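Going line by line, the protein sequences match chains A and B. The first sequence begins at 1 in the working numbering and counts up one residue at a time. The second sequence begins at 1 in the working numbering and counts up one residue at a time.
Calculated directly from the structure, the hints in this document are not laboratory data. Only a predicted model underlies this, so the values are computations on that prediction, with no experimental measurement involved. Incorrect hints may appear among the rest.
Pair ranges (Cβ atoms, derived) [what the hints assert, rightly or not]:
hint: 1; chain 1: B; residue 1: 5; chain 2: A; residue 2: 98; range: 18 to 24 Å
hint: 2; chain 1: B; residue 1: 202; chain 2: A; residue 2: 71; range: 33 to 39 Å
hint: 3; chain 1: A; residue 1: 106; chain 2: B; residue 2: 62; range: 36 to 42 Å
hint: 4; chain 1: B; residue 1: 184; chain 2: A; residue 2: 55; range: 33 to 39 Å
hint: 5; chain 1: A; residue 1: 88; chain 2: B; residue 2: 139; range: 43 to 49 Å
hint: 6; chain 1: B; residue 1: 207; chain 2: A; residue 2: 71; range: 20 to 26 Å
hint: 7; chain 1: B; residue 1: 179; chain 2: A; residue 2: 37; range: 55 to 61 Å
Think of the CB as a built atom: it goes at the ideal place given N, C-alpha and C, for glycine as much as any other residue.
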Amino acid sequence: MVTAEQVWEKLEEIPDPEIPVISLVDLGVIRSVDVRDGHVHVEFTPTFLGCPALEVMKRALEDKVRELGAEPDVEVVNDDSWGTDKITATGREKLRVAGFAPPAPRLVQLQSAVHRCPYCGSTDTTLENLFGPTPCRSLRYCNGCRQPFEQFKTI
Amino acid sequence: MAALRTRQQQYERELLSLADDELIIGWRDSEWTGIAPLLEEDVAFSSIAQNEIGHARALYELLSDDADALAFDRAPDDYRCAPFVELKLLDWAHAIARRWLYEVADEIRIRALKESLPLAAKIDREETYHRMHAEMWHERLRDAPQFREAVEELWPYALGMLPSGEQRDALVSRVGLAQVEAVERGMHTDGLAEIWDEMTMVRRSAPAGAQW
Chain A
1 MVTAEQVWEK
11 LEEIPDPEIP
21 VISLVDLGVI
31 RSVDVRDGHV
41 HVEFTPTFLG
51 CPALEVMKRA
61 LEDKVRELGA
71 EPDVEVVNDD
81 SWGTDKITAT
91 GREKLRVAGF
101 APPAPRLVQL
111 QSAVHRCPYC
121 GSTDTTLENL
131 FGPTPCRSLR
141 YCNGCRQPFE
151 QFKTI
Chain B
1 MAALRTRQQQ
11 YERELLSLAD
21 DELIIGWRDS
31 EWTGIAPLLE
41 EDVAFSSIAQ
51 NEIGHARALY
61 ELLSDDADAL
71 AFDRAPDDYR
81 CAPFVELKLL
91 DWAHAIARRW
101 LYEVADEIRI
111 RALKESLPLA
121 AKIDREETYH
131 RMHAEMWHER
141 LRDAPQFREA
151 VEELWPYALG
161 MLPSGEQRDA
171 LVSRVGLAQV
181 EAVERGMHTD
191 GLAEIWDEMT
201 MVRRSAPAGA
211 QW
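Work out the full structure: start from the sequences and follow the hints.
As structure tokens, then:
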């Protein structure tokens, strides 16, 4: 019989399909894991509703639970419980190292419009486009090191 | 009991109207992919379109087990979208004017739903970026004659997106134009038939039992 801890550990192995440096667990989209009668109930909250990777993520969750020999029951919860504040500290650091500026905490972002370059740390950066290659990213440019970079949107 | 059923039906009709608006505006916005006047706007319109269609899908899932069937298997007359989102707008001033008016109206309507529908709160959170985009353009073009004319031309259509009363009044005060006779939801323009034909073409031509 698997335990919830084992499931969490296993789910750590699933990379985000579009930003593979971070796992789904670090992204904060797994809301709960509940083991009951041989079934593993996983509550999963999408980042953006229009994200084309949602189906891929759901299938990856089911596959990992099956690898543990248990029957998955993945529930997609479309409520307002996910925001970028749910990304773990480890996840934020992994994003930064890979050149994605991690999202500022929501409260901070709403009060200050400071965006830090993930490469040189300068805050002298300008917005190039609110929208980027995926719904969760904006494009910015660092005037310090003259490097364009992707900013994970705070939502 | 009958009253209860009617209330439920009315609520579902409201959700379907919202979902159909999001689907059709998403399709219309996506028409700028590859041909917007700026590369940055190609990306922005495509990304916004993707979000709007995602919102439509999540709303359809509340109403049916088969969101695709609801989105693509109905006859044009069964769609509940407002004429505003159906219009094919081929110049930038009109496209931006509609984006701005749509986001202002959509904010009023989504916020009214937030208390009773958790999904509306999630949609509202994502729309923040659509509003920032629309406001940026509004700031830039508000005094340009082509933009002002486009807003005035689209205004009766935009009003028809919201139910009359409190929500429509809120739109009037946000946009700062007078109440006029609205182009109401319930009738359709030629634009719907045209976009429906394109949007459902693949499903209609697929052999029975096709797997996607």
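*Do the beta carbons of residue 207 of chain B and residue 71 of chain A sit within 20 to 26 Å of each other?*
For residue 71 of chain A against residue 207 of chain B, whose Cβ atoms are near 34 Å apart, the range 20 to 26 Å is violated.
*Indicate whether the distance between the beta carbons of residue 5 of chain B and residue 98 of chain A respects the range 18 to 24 Å.*
Check failed, 53 Å falls outside 18 to 24 Å.
*Could you check the hint for me, namely that residue 202 of chain B and residue 71 of chain A are 33 to 39 Å apart, CB to CB?*
Check passed, 35 Å falls within 33 to 39 Å.
*Okay, residue 88 of chain A versus residue 139 of chain B on CB: inside 43 to 49 Å?*
37 Å, violated
_CB-CB spacing for residue 62 of chain B and residue 106 of chain A relative to the 36 to 42 Å hint_ = At 26 Å between Cβs, range violated.
*Cβ-Cβ distance between residue 184 of chain B and residue 55 of chain A: within 33 to 39 Å?*
37 Å, holds
*Okay, residue 179 of chain B versus residue 37 of chain A on CB: inside 55 to 61 Å?*
60 Å, holds
In this structure, the earlier hints numbered 1, 3, 5 and 6 are contradicted, and the remaining ones agree with it.
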